[in-house]
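S.K.: Those protein sequences? They're chains A and B, same order as listed.
Residue 28 in the numbering used here sits at position 28 of the first sequence, and the numbers go up by one each step.
Residue 11 in the numbering used here sits at position 11 of the second sequence, and the numbers go up by one each step.
Bear in mind the hints are in silico, worked out from the structure with no lab data behind them.
One or more of the hints may lead you astray.
Label pairs and their calculated CB-CB ranges [to be verified]: (1) B:E48 - A:G63: 18 to 28 Å; (2) A:Q49 - B:Q98: 12 to 22 Å; (3) A:A14 - B:A106: 44 to 54 Å; (4) A:A43 - B:F27: 35 to 45 Å; (5) B:D3 - A:P4: 16 to 26 Å; (6) A:G60 - B:S9: 20 to 30 Å; (7) B:E92 - A:E22: 13 to 23 Å; (8) A:G59 - B:D104: 36 to 46 Å; (9) A:A2 - B:Q60: 18 to 28 Å.
We put the beta carbon where it would ideally sit given N, CA and C, even for glycine.
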Amino acid sequence: MAMPAAEIEALIKAALPDAEIEIRDLAGDGDHYAAHVVSSAFAGKGRVQQHKLVYEALGGRMGGELHALQLTTAVPN
Amino acid sequence: MSDANERLSRIVNDHDVVLFMKGTPLFPQCGFSSRAVAILEHCGIDFESVDVLQDMEIRQGIKAFSDWPTIPQLYVKGEFVGGSDIMMEMYESGELQQLLTEKDVAKAS
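Only chain B is shown next, with the shape it has when bound in the complex (with noise of 0.2 Å):
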């Protein structure tokens, strides 16, 4: 395993939800990202974000660590969960926010 991989397994384990965007919350650089922000701030959780363009071997590692070719990406408790698309397809069916609640996600307090 690479040490991108291992970092990235780090990641997704160390923390329960997990945003890999462009930019931060506060100043997201891409509308996908600013989008997938938006979804998770109205689900009403905690999450780390882990900006991929302060780190070339993040940004470059977890296209094939997930074997997902964009960027923004979800995962909660250590499994992908998907993109911006999926992610706006689960928020408005529900879907979403059943996950954050059956993997017994903290709310943000």
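Just chain A, same shape as in the assembly (with noise of 0.2 Å):
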């Protein structure tokens, strides 16, 4: 059930174009990342509304394809 890094940044930057994204495999097994997003859709959000755009732009891969993925997202500075 791996997804390789390139692969969840793609699909981010497609939903949000302007993202800008960190991703670190956690574990170095293609399977627990931790991803920090920034972007300015997220912003006058809530944390939930937040990463549910994240989620979203992921396509129900969370919790399914993608187990372990740590999010936190901010607005741009």
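Join the two chains, each given in its own frame, into one complex according to the hints.
M.R.: Right, here's the structure in full:
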């Protein structure tokens, strides 16, 4: 059920084109990631809504194909 | 409303703080659930935990109920707060403790 980091980044970019994305492969196994996503699309939204935008970008893979993605989100400074 | 939604509404409204998790607070079955339990324990509050691994209807139903794809999930006074990443961010910034105080959630005895 592994998913390459580049694919995660591409999916997020497709939905949030201005996003700055940092992805770390936590265990080196292509299955446990941490992502930090910065996008102006998050402005004025609460954390739950911000995370939902990223989950939507991943198109249902979250919780399935992509088991472990620690997520933090922020609005650009 | 489906049976699962009715059950879930009842659970989140019957308890001040509910954590839907994999496993139990004593034996969490996933690192994210374990982290969520640790955060609530640090906050020193009583919470109800629901082991989704023991109940397929709840396990599937909670994702649609909250419109959130992963477990754990935290509810306070019937409102969805977030998953373990959001809990951690809120805990580190003090927002979680503030929310629990504002919502007048009972401290663990």
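S.K.: Range first: 18 to 28 Å. Now tell me if the beta carbons of E48 (chain B) and G63 (chain A) are that far apart.
M.R.: With Cβ atoms ~22 Å apart, the hint holds.
S.K.: For the hint 35 to 45 Å, verify it against the beta carbon of A43 (chain A) and that of F27 (chain B).
M.R.: 41 Å, holds
S.K.: Okay, A2 (chain A) versus Q60 (chain B) on CB: inside 18 to 28 Å?
M.R.: 24 Å, holds
S.K.: Cβ-Cβ distance between Q49 (chain A) and Q98 (chain B): within 12 to 22 Å?
M.R.: 19 Å, holds
S.K.: Against the range 36 to 46 Å, how does the distance between the Cβ atoms of G59 (chain A) and D104 (chain B) compare: consistent or not?
M.R.: Since the Cβ atoms of G59 (chain A) and D104 (chain B) sit about 39 Å apart, the hinted range of 36 to 46 Å holds.
S.K.: Holds or violated: the 13 to 23 Å window for the beta-carbon distance between E92 (chain B) and E22 (chain A)?
M.R.: Hint holds: Cβ distance 18 Å, inside 13 to 23 Å.
S.K.: Measuring from beta carbon to beta carbon, are G60 (chain A) and S9 (chain B) in 20 to 30 Å?
M.R.: 24 Å, holds
S.K.: Indicate whether the distance between the beta carbons of D3 (chain B) and P4 (chain A) respects the range 16 to 26 Å.
M.R.: 39 Å, violated
S.K.: Evaluate the given range 44 to 54 Å for the C-beta pair formed by A14 (chain A) and A106 (chain B).
M.R.: With Cβ atoms ~45 Å apart, the hint holds.
The structure does not agree with numbered hint 5 stated previously, though it agrees with all others.
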